[in-house]
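Going down the list, the protein sequences come from chains A and B.
For the first sequence, position 129 matches number 129 in our numbering, and the numbering has no gaps at all.
For the second sequence, position 172 matches number 172 in our numbering, and the numbering has no gaps at all.
Just so you know, these hints were derived from the structure itself, not from any lab.
One or more hints might be untrue.
Said to hold, decoys possible - Footprint (simulated), chain B over chain A, 3 or more residues, beta carbon under 8 Å:
| hint | stretch |
| --- | --- |
| 1 | 18-25 |
| 2 | 158-168 |
| 3 | 194-207 |
For glycine and all other residues, C-beta sits at the position ideal for the given N, C-alpha and C.
There are 2 protein chains.
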Amino acid sequence: MAKKTDARAEKVIKKLVGLGNEAVREVAAGENPSVEIPLRALSNINFNEKRQIIELGNAKQERYLFKVGMARKFMQTFLVASACKDLLEEGKTTSIRDLYYITKHTLGQSRANTFEEQDESDPIIEDLEVTIDSLREELNLHASNKGAAVGDLTIVDSGDVIDLRRMGSGGWSVPSIVEENVIQFRRGSKAKYVLLVEKDAVWRRLNEDRYWKKHECILVHGGGMVARGLRRFLYRLHHELDLPVYVVVDNDPWGLYIYSVVKQGSINLAYESVRMAIPKARFLGLSSFDREGFDLPPNVTIKLNDQDRRRGEQMLKYPWFEKKQWQKEIQQLLKAGVKLELEALSAKGISFISEKYLPQKIEAKQWLV
Amino acid sequence: MAKKTDARAEKVIKKLVGLGNEAVREVAAGENPSVEIPLRALSNINFNEKRQIIELGNAKQERYLFKVGMARKFMQTFLVASACKDLLEEGKTTSIRDLYYITKHTLGQSRANTFEEQDESDPIIEDLEVTIDSLREELNLHASNKGAAVGDLTIVDSGDVIDLRRMGSGGWSVPSIVEENVIQFRRGSKAKYVLLVEKDAVWRRLNEDRYWKKHECILVHGGGMVARGLRRFLYRLHHELDLPVYVVVDNDPWGLYIYSVVKQGSINLAYESVRMAIPKARFLGLSSFDREGFDLPPNVTIKLNDQDRRRGEQMLKYPWFEKKQWQKEIQQLLKAGVKLELEALSAKGISFISEKYLPQKIEAKQWLV
């Protein structure tokens, strides 16, 4: 568990208190109190060519207390801010669902509630994150654990020393809060890279084959779309341990999208890219050319559906996929008209992925960036 | 990892080989080869009053090779049996998706495939389970990890010693295969009970509050519906360590259903009840009477929808809920017309559940069986 308050929490508390003090000052000065919130809309999102990440622009909106249609949200913003301050001061974390219940109450003698549903409080949390430039994880709000890790690394999680080399079949479940105050990396890792696989079933195969031991790496899966906690974990491994990150996903537009989020960030969470995106992440596969390259049987493919095609066409236009090699990769997927799951490699043998596919690809530096 | 073959695997291999030998014998004798498969249909499911579990009856069906509409399934049954035998002999495990790819191929010179989609191979696995009376986990087939555990217990997972008292914020991710050859319990646990909570967010609160340490227990969540692996894990804790199992779920028909599956088993997986159901599992809450009993504010409830009502009405008729106390509990839920989530307890304070609700309920023995 985190200490009751540490320097990190103090910093966030200070920002939250600042927000409140400013509103109080405005009230005292007879002004209409307001909060300035960076705009989280498509119009305010752009791709930073230099940094190679999706990021939020500079547009902001003012949220006033005395303005029709804003008063409720103004009140909610401060309710959430106040609850997060309490959490930080007590050194406790909670879920966004829980926060909704904590901040929900009936207003005075009225029959009006502060929040009716959680879909009212969730966007307020995101507003608060961008306003004070702190991730929700820094506000002590967590989501479900998602993803797992094993490999050549020892970590400290809430004071407990956890050796990722001795995690049995299940692995270490990656929590949604992996900030430095909760998770620390121990020295002494011999890992040469991080391998992220999309699916837990494939991760289990690699773990059972002790792939991470044979190839000295850290083996991670996201159980599908990579959650915030896991993205942040990968980011820290990449930067603090200076490890390249390889990504292995299904050969379909969804797999490409997962890779794209790890690499550039997502449009929805553009404000987080700067602390989560890994522009140098390497796309190892499955590539649209693997079917030929590894001589896979034809009946393991699945036809692209209309949605796949539309998503593929969209991706051709993403600025971060405009390089020739990416255009070739995506065009081949659309041309072939079929997708390929990671499990399809098992048609060549259950350990084909750990014994042949991955070592061969990495050895030959067959990846896209 | 499991040894290449152990006594357990040998036993299952023997059953699989027996199945094949019998078919070969029938062919040699000029008979129409067949497999006798216990019938997995509602008509063959009953509630065993004495054992208090849902179980499969004695009805069986014969699957013949030479019978229209059966030949394909007959072939598939042996394909899956053969693949599982290979897995067991190699000491490897795999997912049911992977198994589909492993066993899928084109038949001879034809354009027919052994399997078209996974929804063809999954029921064959279930057929095989009941036919040779072995859980799929014993056939080395796994599902995703689901659920987590911390608490006063040390386990051995695939040879790695894992101390559930030192699992940090994430906990030990419970794998889908927790059979004795993979997971062993070490002596020395002081745990007095197992506490299963429905939701991971609530589990995190309890873990952060070190509930399991203060109250000497093992703290488990299922992330919603309790998966097979976790059910089997609970079953083993209950029987091998002689621990009572307490269940804490949302106060709604879905929560009651989760409890009911833990306790009596499910209709779909009736053949597994005997190795997974825990008839003595104690329902701790949330009870329909907790709202009054713990003086919760009225605005944290959610109205029952039509589906909730229908499910509630159905449950009143379940033979395992016919006791007076259960009738009262479910009738109160329907009468109040509202449901209550575990997170609603946070309206009374973020640690209300760990400091008041649970200790008070257990102290006063306020549970239903």
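Next on the checklist: So, against the hints stated earlier in the document, which numbers end up violated here?
Outcome noted: 1
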